[in-house]
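Peer 1: Residue numbers (this note's numbering), protein chains in the order written: chain S, 1 to 333; chain E, 1001 to 1275.
Honestly, the hints are just simulated from the structure, not real lab data.
Just so you know, even glycine gets a beta-carbon here, dropped at the ideal spot from N, CA and C.
Please note that the accuracy of each hint is not assured.
Derived Cβ-Cβ restraints for the label pairs, each shown as a range [as the list claims (entries may be wrong)]:
| no. | chain 1 | residue 1 | chain 2 | residue 2 | range |
| --- | --- | --- | --- | --- | --- |
| 1 | E | Leu1019 | S | Pro248 | 42 to 52 Å |
| 2 | E | Ser1050 | S | Met178 | 47 to 57 Å |
| 3 | E | Asn1216 | S | Val116 | 54 to 64 Å |
| 4 | S | Trp243 | E | Leu1068 | 28 to 38 Å |
Derived DSS-like pairs: lysine-lysine, alpha-carbon spacing no greater than 30 Å straight-line [stated by the list, open to error]:
| no. | chain 1 | residue 1 | chain 2 | residue 2 |
| --- | --- | --- | --- | --- |
| 5 | S | Lys322 | S | Lys244 |
| 6 | S | Lys138 | S | Lys298 |
| 7 | S | Lys240 | E | Lys1263 |
| 8 | E | Lys1006 | S | Lys232 |
| 9 | S | Lys138 | S | Lys75 |
| 10 | S | Lys298 | S | Lys75 |
| 11 | S | Lys138 | E | Lys1263 |
| 12 | S | Lys138 | E | Lys1041 |
| 13 | S | Lys240 | S | Lys138 |
| 14 | E | Lys1041 | S | Lys244 |
| 15 | S | Lys232 | S | Lys244 |
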Amino acid sequence: MANVQAGVPPTEKALQTEREGARPRSDLSRQRLRSAWMFLAPMILVLALVAGWPLVKTIWFSLTDASLSDIEAAKFVGLRNYWEYVDYGDGEGEYFGLLFDPQWWNAVWNTVYYSVISVTIETALGLVFALVLNAEFKGRAFVRAAVLIPWAIPTIVSAKMWAWMMNDRFGILNDMLMAIGVISSPVAWTADPDTAMWAVIIVDVWKTTPFMALLILAGLQMVPGDVYEAAKIDGIHPVKVFWKVTLPLIRPAILVAVIFRALDALRVFDLIYVLTPNNTQTKSMSVFAQENLFQFDKFAYGSAASTLLFLVIALITLFYIKVARLDLGGRGR
Amino acid sequence: MPYVVKRTGFYALVVFIVLFSVFPFYYAILTSLKSGTALFKVNYLPVDFSLANYADVLGNGVFPTNILNSVIVAVTVVAISLFLAVTAAYALSRINFAGRGLLLLTILAVSMFPQIAVLAGLFEMVRWAGLYNTLFSLIFAYMIFTLPFTVWVLTTFMRDLPIEIEEAAIVDGASPFVIVMRVFLPLMWPALVTTGLLAFIAAWNEFLFALTFVSNNATRTVPVAIALLSGASEQEIPWGTIMAASVIVTVPLIVLVLIFQRKIISGLTAGGVKG
């Protein structure tokens, strides 16, 4: 899973430092233009090879009957992997394809459920963490360092660590919860269908809350201090200040963080694959696609699932770009 | 509410946050130092100090090779993406050309790509190029997430540098390449270190491509190697060894992150990076 990703848009102010082409084209600017494309060419080429072409191929495979053993022999079959009506005659027939596959819809539901719940908890908890880290207290630097630790740990390692902590017989989580009386008998967190999804959510919350907290903290630190001073002088209750002043001011920061996390959550693979292998209750869209591609020898079908997931994420990305009002052109608005 | 109660409540929250963040890794270390049947007794404080699990994971099998593989892949990926990104970021941030907005948008879009969307196409490409089961397949594939990210962050960084710094060089007739190498590079070390480190972490942690493009134990990278460490049966999962391996691959990351803490936080927030 891509662990790091570009994000918050460059500010408009920054873009204005760029001089607009008011002056006439000189030899100099032509030379600069030429070198711009020379500088960009290698990057564009690599991105085209590693992202553009493979994406086109994946979409193409989703329209073929490709199989893992002989990908080259793939033949075009139209939308059959997504939607197919097989007529049995006598007015009887059946729909096949991804859009009629209950397992696919199960994966969609799992992914959405996981994304909504984990992102919601992470946002709430991240906000609390950010408020604490924004306060002045002894040892703040230490706490901030501690908070970075889950973020630095590889997802696979987090999954294994928690799998051990959640072990039904020897796990420390059951031991703790039984000691304080929350549960009376050991729970098989990752294996039990009722708790498997929650096990995944717990680990995800643990791992990504720091990221949320840091993004929200950045927003908090941009709130000017005199806003609080004024509220204090007017004798407004801190809770009211939080809801009426702080929260509206940091809403953009929270929104950006939420969309990032949501995009990341929707493509979840590693955590689920390692923490709860072969569990119908937690299978995500990415896991569904990967299994079909490489384990069930349904390469074309898996490609179709990948394509649909791509479309979902593309739509959300477009929505994000609109919401965040990215100014990319530098031509002013 | 009396001050004392408020203060106590606040510090209780701080303690909770620290325990919540640190405890799982602490427990992994504690487990990795246990041996034999001690593993199956829950302890909250260290009772054992046995390096048997570490000796096991480093002494037998291919795990040391896996670590080396991960280092090779991550370092190469960082070097290539930084090199491509510095020049590209210069063009994107300091030179006005038609189509720049579209290009930036495309780069941003690529950074949002779900890896699974390119998996089938990349797999075919990797096999076609004869890179299956080699580290080259991973070095190539990882560009999809390290390159857009480094370009984006370095572009933001370069854009904020004042115009004056390159004006003198332009007047002196320096070529753009010389300007990048002589004028910008020296100023960019902080940004390069941060983005390089974040790209390193991303490449070090990657799982899906590593699982798909390599099927040979000696060529695997550490995340896959750890995921596949298993015993003879469900009941014999070698938790001690798994925890030792986990600690080995995580400690360097944590040390790096703690050393560059401030830079990472500013990179995470200003450049906008997600973890």
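Peer 1: Failing hints, ascending?
Peer 2: 1, 2, 3, 4, 6, 7, 9, 12 and 14
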